[in-house]
Amino acid sequence: MSVHMAAAAEAAALLRASGVDAAVATAVLGAGWAASTMLTRELPLALRGDFANRGASIGGLIHVQTMIAAAFADAGVSARLLPTTVALFADATQAGLGDSDPAALIELYRADASAGAAATASAAEATGARGEAAAKPRAEAETSATPAGVRP
6 MSVHMAAAAE
16 AAALLRASGV
26 DAAVATAVLG
36 AGWAASTMLT
46 RELPLALRGD
56 FANRGASIGG
66 LIHVQTMIAA
76 AFADAGVSAR
86 LLPTTVALFA
96 DATQAGLGDS
106 DPAALIELYR
116 ADASAGAAAT
126 ASAAEATGAR
136 GEAAAKPRAE
146 AETSATPAGV
156 RP
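The opening position of the sequence shown corresponds to residue 6 in the working numbering, with each subsequent residue numbered one higher.
Rather than coming from a laboratory, the hints here were simulated on the basis of the structure. Some hints here could point you the wrong way.
As the list claims (entries may be wrong) - Between beta-carbon pairs, the in silico distance windows are: (1) V29 with D79: 41 to 49 Å; (2) G101 with M72: 18 to 26 Å; (3) A32 with A74: 34 to 42 Å.
Glycine included, each C-beta is placed from N, C-alpha and C at the ideal position.
Let the hints inform the model, and build the full structure from the sequences given.
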């Protein structure tokens, strides 16, 4: 269930960032293979920003995830999706969303986009003037290190 909640939040984040109409997205996804009870529940809430606790909170589900992780360990089965989902829920709790509906997981993607844009801008700014100067020696080194007749 937690994996489905995380998938719904991630889908909602992509839809929101892409500017896709929420009603259209919900209708299209609900009519195909993506349809699920959790998607039907979480997608509209996430896209609306309605994170009121309706009986299941992000923090409350961490206890359930811990029990499921123990069941995997006891069975000797290596979980692949659960650790990523547990980390997502832990990040959300750390961000102050523990009492919120799991639809609030979408907020982590807003933070990721902001951090990513800032990092990209900083990297571009830092390499701006140095970029041209650094490219010339690098190109010369690649050319001199390339055997005759072989294109870099």
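Going down the list of hints, with the structure as the test:
Between V29 and D79 the Cβ separation comes to about 44 Å, which falls inside the hinted range of 41 to 49 Å. Look at G101 against M72: about 24 Å separates their beta carbons, and that is inside 18 to 26 Å. At about 35 Å, the beta-carbon gap between A32 and A74 stays in the expected band of 34 to 42 Å.
Comparing the model with each earlier hint shows no violations; every hint is respected.
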